[in-house]
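Trainee: In case you want the letters, here they are:
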Amino acid sequence: MIEVRELTKRYRDLVAVDRVSFNVTKGEIVGFLGLNGAGKSTTMKVVTGYIPATTGTAKVAGFDVFEEPMEVKRRIGYLPEIVPIYPDLTVTEYLDFVASIKGVAKKAKKGEIERVLEKAQLKDVRERLTGNLSKGFQQRCGIAQALLGNPPVLILDEPTSGLDPQQQRNVRELIQALAAEHTIMLSTHNLAEVEQICKRAIIIHRGKLAADDLVQNLISRYKTPERTPNFYEVFDTMLNDLDRQATPAANTAVRAA
Amino acid sequence: MGNTLAIAKKELRIYFTTATSYVLLTAFAAITAYFFVVLVGAYAAQTTQFMGMQAQQMLERMNFNDQVILPLFFNIYVFFLILLPMVTMRLIAEEKRTKTMQLLMTTPVRPIEIVLGKYIAASTLIFVMLAITMVYPLILQIYGASTGDAAPIDWATVLCGYLGMFLLGAAVIAFGLFASSVTDSQIVAVLVSFAVLILFWMIGWAGYGQQGFVADLTANLSLINHLESFTRGILKVSDLVYYVSVIALGLFLTHRAVEAERWN
Ligand SMILES: Nc1ncnc2c1ncn2[C@@H]1O[C@H](COP(=O)(O)OP(=O)(O)O)[C@@H](O)[C@H]1O
Ligand SMILES: [Mg+2]
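Chains as they are written, first to last, in the numbering used here: chain A, 1 to 257; chain B, 258 to 521.
Computed list of chain A residues with no C-beta within reach of chain B, every gap over 10 Å:
| no. | residue |
| --- | --- |
| 1 | 15 |
| 2 | 21 |
| 3 | 25 |
| 4 | 107 |
| 5 | 110 |
| 6 | 214 |
| 7 | 233 |
Pairs of lysine-lysine, DSS-like flavour, derived with a Cα cap of 25 Å:
| no. | chain 1 | residue 1 | chain 2 | residue 2 |
| --- | --- | --- | --- | --- |
| 8 | B | 266 | A | 123 |
| 9 | B | 353 | A | 135 |
| 10 | B | 356 | A | 135 |
Hints in this document: simulated from the structure, not taken from any laboratory. A quick note: this is a predicted structure, and the numbers were derived from the prediction, not measured. We put the CB at the ideal spot given by N, CA and C, even for glycine.
Could you put the whole structure together from the sequences, leaning on the hints where they help?
Mentor: Structure (structure tokens):
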């Protein structure tokens with residue numbers, strides 16, 4: 001469903017994403033992991049067609065993001081890292097607007113809005129201004145918005161960040177419930193979350209692909225006869241190893257001219 | 258088309274759920290009402306004076322169009338222009354600041370639809386602003402008719418004047434929208450629009466005392482010079498072409514800026 005090939009994105013002299021390739025197949029739910037600044041959001045912005053890649057390609061459902069952006073945009077529900085809400089609109093007004101620009105047919109709109117209000121558990125706040133909602137509810141508005149039009153692919157950039165543990169659990173359960181019908185790629189730095197809801201993890205570090213494997217395989221890679229590490233330890237060890245391999249010179253090479 | 262209207266509808270909703278539009282409309286109505294009252298007062302005083310002097314000829318020359326509406330137009334367009342940068346400042350800058358632009362750009366909406374949708378919303382607001390001031394000629398009409406004057410107002414001239422003011426406003430907000438598209442700060446947007454507005458307002462003055470090419474050029478570039486014929490009820494193709502070109506240029510530049518947004 002998502003095919004990323006040799007993707008590089010450069011911001012002036014900073015290489016934010018460096019020749020990253022991966023696939024996400026239909027029906028999968030994949031965790032996209034990395035420290036802050038690793039290049040997760042940048043990769044997602046390219047895949048959703050918000051920014052162009054410097055080199056390399058990204059395809060969604062067989063359509064090249066650069067060649068046929070409209071086809072791609074029609075098939076993706078995207079929750080950006082900063083939830084894109086209009087504080088002066090109520091939840092229903094907001095969803096009505098997004099449904100319109102996503103091309104949901106006029107007749108189907110009402111039902112579609114009800115459907116996502118239900119899914120994201122927003123019914124009780126439907127007439128409230130989105131600007132007055134708590135962070136948790138705003139995040140759900142962001143997810144509800146992504147679900148409008150029932151796109152086959154969901155790209156969720158840190159859907160649980162900034163939420164309290166209770167809210168995080170709610171959002172996690174929501175995502176798990178969505179997994180049956182959508183191909184999902186979600187970024188996070190909450191490793192427990194990945195262990196719980198994703199079978200597979202793609203890890204990027206300093207813009208480069210560090211690992212792409214089933215979570216259980218990643219854990220068994222670092223297993224010793226004495227003990228099985230948890231995913232957090234695996235992640236830590238993996239990144240430390242990478243940093244050690246990279247000489248100081250290689251570190252600065254990330255900031256290639 | 259659907260996307261354009263959806264965006265226009267959203268902008269109008271925000272205009273009328275936040276205080277912005279009410280403040281603008283109220284301020285505009287209050288200021289113009291004040292000048293209307295003053296001008297009508299002056300008209301009444303002058304009429305009384307001529308009656309006292311038995312100056313029949315002078316009395317016959319008194320009419321609402323020249324004595325009230327024309328000077329009122331001047332007041333209306335001045336305050337209209339001053340308020341216009343506030344109509345557009347938010348439109349694109351705020352989408353950039355709050356990152357809702359990312360939403361717009363990742364749904365199947367084309368940049369041109371974003372630009373036109375926002376422009377339609379702003380045009381609607383300025384249409385409402387001007388429409389409110391239509392009550393003043395209406396009052397004169399009703400009052401004049403009650404005193405037995407069959408046609409106290411020359412409506413063709415009045416409507417022509419309104420068309421001119423609307424086009425003037427439409428040209429200014431096209432550049433206001435552009436100013437809003439080059440920054441993510443509403444303050445910067447409003448200051449840039451003021452600067453451009455004042456430049457094209459005052460440019461006509463630079464030509465005073467000059468002759469030939471410079472005088473022609475400055476007079477032709479001036480936003481205000483092109484309004485004059487409209488207010489006297491004369492529709493000139495050159496004036497229409499001027500305003501339509503300014504609108505087209507403003508929208509073209511805005512479109513470029515929105516497209517370029519992703520390529521930084
Ligand atoms: N618009 C931008 N201009 C310049 N640098 C950017 C921009 N966006 C992100 N970066 C940089 O690119 C790198 C990757 O950022 P990002 O993709 O947001 O990482 P993540 O989402 O993994 O935290 C960071 O070093 C960040 O500072
Ligand atoms: Mg990020």
